[in-house]
Amino acid sequence: MNTHGNQKSVEQLLVLMEVEQLYLFKEISNRNIAGLLNVKKRDVDRLLYESLGIKLTQVIGMYRIQHATGLLKKGTPYMELWKYSGFSSHAEMEREFEGVVR
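Quick note: this note's numbering has the sequence shown finishing at residue 143, numbered continuously throughout.
Among the clues, some could well be false.
As the list claims (entries may be wrong) - With beta-carbon atoms standing in for the labels, derived distance ranges:
#1 Leu113 / Lys81: 29 to 39 angstroms
#2 Lys49 / Thr98: 28 to 38 angstroms
#3 Lys82 / Thr117: 15 to 25 angstroms
#4 Pro118 / Arg87: 35 to 45 angstroms
#5 Ser130 / Gly94: 20 to 30 angstroms
#6 Lys81 / Glu52: 14 to 24 angstroms
#7 Tyr119 / Leu65: 34 to 44 angstroms
#8 Leu57 / Arg83: 12 to 22 angstroms
#9 Leu113 / Glu91: 26 to 36 angstroms
#10 Gly116 / Leu77: 26 to 36 angstroms
#11 Ala132 / Tyr90: 24 to 34 angstroms
#12 Leu93 / Met120: 12 to 22 angstroms
If you are wondering where the hints come from, they were derived from the structure by calculation, not from laboratory data.
Small disclaimer: the values here were computed from a predicted structure and weren't measured.
Just so you know, even glycine gets a beta-carbon here, dropped at the ideal spot from N, CA and C.
The task is simple: from the sequences and hints, build the whole structure.
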């Protein structure tokens, strides 16, 4: 895939994250994303790393944290944020928050 195609795939992924809120699905994976972007599973992280310097899990984590922060500002109790932000558990959400704070 050429550089323009790579950039287009990354842009398409970011639109899917922002518009379709794919990060809210707990089962999201490189395989799911690869199918949506029509690229190979192993290419998802490579494309993201070449364009943004981060992996898919980091992109998903950032969107989930942003979503959780918005919910918190709207009054959602902290202990319930993980349920509505795509995290599989409160502990997973805490790990993501810690990663951002570091």
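So the hint says 29 to 39 angstroms: do the beta-carbon atoms of Leu113 and Lys81 match that?
Since the Cβ atoms of Leu113 and Lys81 sit about 37 angstroms apart, the hinted range of 29 to 39 angstroms holds.
Taking the Cβ atom of Tyr119 and the Cβ atom of Leu65, is their distance within the range 34 to 44 angstroms?
Cβ of Tyr119 to Cβ of Leu65: about 18 angstroms, so the range 34 to 44 angstroms is violated.
12 to 22 angstroms was suggested as the range; check whether the CB atoms of Leu57 and Arg83 agree with it.
19 angstroms, holds
Go ahead and decide if the range 12 to 22 angstroms is satisfied by the Cβ distance of Leu93 to Met120.
31 angstroms, violated
Could you say whether the range 14 to 24 angstroms given as a hint is met by the Cβ separation of Lys81 and Glu52?
18 angstroms, holds
Range hint compliance [Cβ, Lys49 to Thr98, 28 to 38 angstroms]
22 angstroms, violated
Falls inside 20 to 30 angstroms, the C-beta gap from Ser130 to Gly94?
This hint holds: roughly 28 angstroms between Cβ atoms.
Please check whether Pro118 and Arg87 have a Cβ separation lying inside 35 to 45 angstroms.
39 angstroms, holds
Given the hint of 15 to 25 angstroms, check if Lys82 and Thr117 actually sit that far apart at their C-beta atoms.
Roughly 34 angstroms apart at Cβ, these two residues miss the hinted range, so it is violated.
Could you see if the CB distance from Leu113 to Glu91 stays within 26 to 36 angstroms?
33 angstroms, holds
Beta-carbon spacing of Ala132 to Tyr90 - inside the hinted bounds 24 to 34 angstroms or not
27 angstroms Cβ-Cβ, so the 24 to 34 angstroms window holds.
Measuring from beta carbon to beta carbon, are Gly116 and Leu77 in 26 to 36 angstroms?
Holds, at about 33 angstroms.
Hints 2, 3, 7 and 12, counting from the list given before, are not met by this structure.
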